[in-house]
Amino acid sequence: MNAIEIRQLTYTYPGAERPILNGIDLDVEKGDFLAIVGNNGCGKSTLCKTLNGLIPHFISGEFGGSVCIGGQNTLETDVGQLAQTVGYVYQDFENQIVRPTVLDDASYACLNYAYQDYEQRGRQALALCGLQGKELDYVWQLSGGQTHLLALAGAVSLGPDILILDEPIAQLDPGHADAIYEVLKELNQKHGKTIVVIEHHTEYIANYCRNVLLLKDGKVEWKLPTQQALQRVEELQACNIFPPQITVAGFALQQQGRLPKTAQLPTTIEQAKDCFSQLQYRPQAEMNDKPNRQEAVAEFKEVWVGYRSVKGEPRRIFNGVNLTLYRGEKIALIGSNGAGKSTTMKLLTGLLRPAQGEVLIGGQNIKHKKAEELSRQISLVYQNPEQMFIKDSIRGDIAYAMQVRGVADWQQRTEQLLQQFQLTELAERDGRLMSGGQMRRASLAIGVALEPSILLLDEPTANLDIATRKEIMKTLNNMKQITETVMIATHDMQLVCDWAERIIVLYGGEVVADGTRDEIFGNIPLCQKVGIRPPEIFAMAQQLDAKALCYTVESFLNDFKESDHG
Amino acid sequence: MDKLMTKLSENILDKFSMDFLRNQVLKNAYGNDHTLIAKLDPRVLLAWYVFFGLVPWFVNDTVFLFGCFALVTITTLLAQVAGLVLFLFGLGVFSQTGYLFLATLLFGGDTTAILPLLLLTLKVATVSLASITVFSGLDPDRLSIGLMWYGCPEQFSFSVSYAYRMLPLLMEEFQNVLLSYRLRGNPPAHETFKGKVQYLIYQVKIIIHAFYPLMLNTAKRSRTTVEALELRGYRYAASNPQVRKIKFSALNITHRDMLFAAVSFLWVAVTMLLASIL
Amino acid sequence: MYIKKKQQMAQSQKLMVFVLTMALYGLATLFSELIPKFQLGLIEFSVEYFLFIPLTLAMLFDPLSAALGASTGELIFSEIMLGQFGGLGEIEKFVTVALGVYVAGRMVRDPQNRVRVGVAAFTGTALQLAMGAIVDISKVQFAVEDFESVKGLPESVFATEGFAFANDLLFSGILFCLLPTLYLVPKLYGKIEPLLGMAPRTERNSLEGIRPKTIVACCVVFLGAVCMEFLASSGLSLIDWEASWAESSTAIAVGMVVAAVVAVLAVLVNQKTKKEGSVA
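Chains as they are written, first to last, in the working numbering: chain A, 1 to 566; chain B, 1 to 278; chain C, 1 to 280.
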């Protein structure tokens, strides 16, 4: 018997003109590990909500066809019963957690369904999700990755046969992302759970998933084993899904006639070792761009910062940090969750005062300056763009800062910014009601409105699918001309490689490394210690030749040539 | 007046540290769960509260009131309540009766007017401290189970613990929205008195405006929350008496509770004895 | 089946409104508790700063859920979290806020009608403040014995409460309730509803306007709350608690002390034997 059987499923949201799901037929075998991929708005999340009965029991709309979960038709059962068969983890998982302590939250569902051993079940679920020892912690003490694991534990505690996760790793650093997938792998292999993920990180699909389902315009385009699915490079790219860099490199080699057309394209580094074995590293002329360090725009001198905690000693975030940022630099600030990236940004914008030491902007100590006064010199774009929208239209938001400061030609400049960031058509919309990429573009436009000399961006590519991410990267590259000094705090190593000229690594409250991408990524012990994961293509090149430093598929293709005797 | 305005206008946004507030509230709720009060059974404490929260209103004997006041002061100290809460207590007692006291003087009342007002202040203080002991001393989850045991609607007791869960999220959201205003806004200069008034008005306006984005952002959140609650059996539990039973089985009246009740009883009895003798 | 489903959906939507109002208004009251009171001479401008939040939400969504959410939020965030819980006094606040918000919410059938929104916001605020003033006056009257005999006290209470009511209504009622509601309702209308998966309120799908039945029900609830406030008081004076206790005097008190001592000893001994038993 299949775990999930869907027949001719159609669904239309209330008030929508067209159905979002349009005649879906799908069988998912028991014990499968399925990735659902597709464009934004193709109905992935909606499909998942039909599986746990939220549609049609909880969310109204027009529903047609049938969904059977473990043999039960969802129309004939209620959400409560289905919840014990299907566990669901939302994309905005932090709102799913309703109890203050970890164990409480993990066992909450079991308690509600009147299991006598609810606490035991909660503990087991926590253990399965790698959260042992955290039982008595409060949820606000957890890192983003742990919070996600807790949301997963809450779903696992009921012992469902099927687990559904909506973009589980979108907000996580690579260490935590691996942790999630390892947990899922174990649940799948050892405990026989059927797992469905909505995912656009194809590297993870290649490494963990068994099958891939492509949704297009509310229909199933195909469902194939992962290996075959990822071979369809062009088709996937047409749907804005980007196969693993290794597969793309293999595909390009095929196109250039350097690999036989019939060969299987590799999807993981393991497979690629054989496939690319004839390639040798022959670097092209080296680029040598000496950093131009003349004028310091911001400085940290022996900065110490601590935070109050609910119980016990204050937590130390910075232990005597020294750092200088120079005019015109494009800096990436990296480090795992909680290493102090946000703290750095808060210090620079004057939102946080150091316990000891000095922060200087443009040579002046900002100790007695208010954040408002600094905002013309330095501007911060938050990780969550929704919090930047304070007016009821994008135009209003972009104009606001200029308008209240009486910038002479603010109307003109607003129009110009709208055009520059391709927002003219959306100008009257409320920022919150736009898509992820549009929101992000709008927040960048807001950030540069006052023409600050320093622009700080907190995770500008988090929560975006790869296609939107590429678009934002393009925007960031275009912005290089209009902003002087830019610093980005991010986990996105592809962004770091493509964009940054200088990389600062934070670890344990200190700056442990500071240099160009070659200096950082070439330093393997450092990367391992701090948990930096270079892009997959970089790791691939390293596998083939430890001297190789390739950051993009293009440079890989250029720098590796077939060996003479190969 | 000028000084007051300075204090006011600085207070609202500048010195008002959201982190400090959040920290104090959470500390108050969860930071003191090792104390004697926190370990007591919530049912006993609530029953205790009903006595000390009600009786002082209807008794006018000064000795008795002082006795009760002394007891609740001790329990408040035992509960290790956060400083902010005690500060607010002081402020509250003054604003409830202090202003009446001044008004009575203004309207030509003589010194005899002071006595009933002092008595009233004593009552207010006793009742407030009793509630601080119970509501700040107890962990919110135990408090909500206790309330449920006394027949409080499930929705309310759920709301109590959910509110604590939401508080850090909401504050962060609010803080960030306010920040957007601060960083992008252009507050009026506030060196002169007129400037200060304008600045105050500006701040109040900003806070009101900030609720527009906050409402929309919170709406998004609450949708996920309510869907997740449905999946996690929240409504199921409300209609299932078995669940209540399981929840209550975590409650357990021990010797400590009985001793606490007995000592409080003794204290009240001695106070009454003193009241009748003196 | 269909009807049941519709009810379930309505319930979930109500829960969303409840959670939303509770969180927002609760947070707001938490702040207003901390904002220093604005004092002009002897008169305190104790402003209900944030009533516009539940008013707005009650006009856009289900009024009852918004009303209950607002009162619950205030109770939990500003009273319980900050230890300001005043016992029975909170019931009065709970009820007056809920009633004010509910009535205002019911008065608006089409949120795009600005005049209606304004009138409703003002009425709701006035109702809440008036009920609060009535309760406040009677509270002092009951708590202070010989209220009438203290020279200057009754006048001062009536004067301050009366002034506070008028001041609150004109000052905070307009500045903090009427204007923000007028600003927010049209801005949010049509934007916030889809986020909760609901259809915006229109003439057609709204609840009926206020009928006599609603008014009667509201009055009953308010009277009930007032009664709760004074129930204990009148009950106690009926059984003459104070008098009998004062007269029976020492004998009963001594008896109680003895009983209490016995109780404490009993608990201690019991505990000790238990411990020894468990050790053995």
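No lab work stands behind these hints: they were computed from the structure. Here the structure is a predicted model, which is why all the values come from computation and not from measurement. All C-beta atoms, glycine included, are put in the ideal place defined by N, C-alpha and C. Check each hint, because a few of them may be wrong.
Pairs of lysine to aspartate or glutamate residues, derived as DMTMM-like cross-links and limited to a Cα-Cα distance of at most 20 Å, are as follows [unchecked claim]:
#1 C/Lys191 x A/Asp392
#2 B/Lys247 x A/Glu119
#3 A/Lys480 x A/Glu510
#4 C/Lys187 x A/Glu386
#5 A/Lys346 x A/Asp392
Not close to chain C: a few residues of chain B, all C-beta gaps over 10 Å, as computed [as the list claims (entries may be wrong)]:
#6 Gly92
#7 Phe248
#8 His255
So, going through the hints one by one against the coordinates:
no. : hint                : result
1   : C/Lys191 x A/Asp392 : holds, 10 Å
2   : B/Lys247 x A/Glu119 : holds, 11 Å
3   : A/Lys480 x A/Glu510 : violated, 28 Å
4   : C/Lys187 x A/Glu386 : holds, 17 Å
5   : A/Lys346 x A/Asp392 : violated, 26 Å
6   : Gly92               : violated, 6 Å
7   : Phe248              : holds, 21 Å
8   : His255              : violated, 4 Å
Going through the hint list in order, the structure does not satisfy hints 3, 5, 6 and 8.
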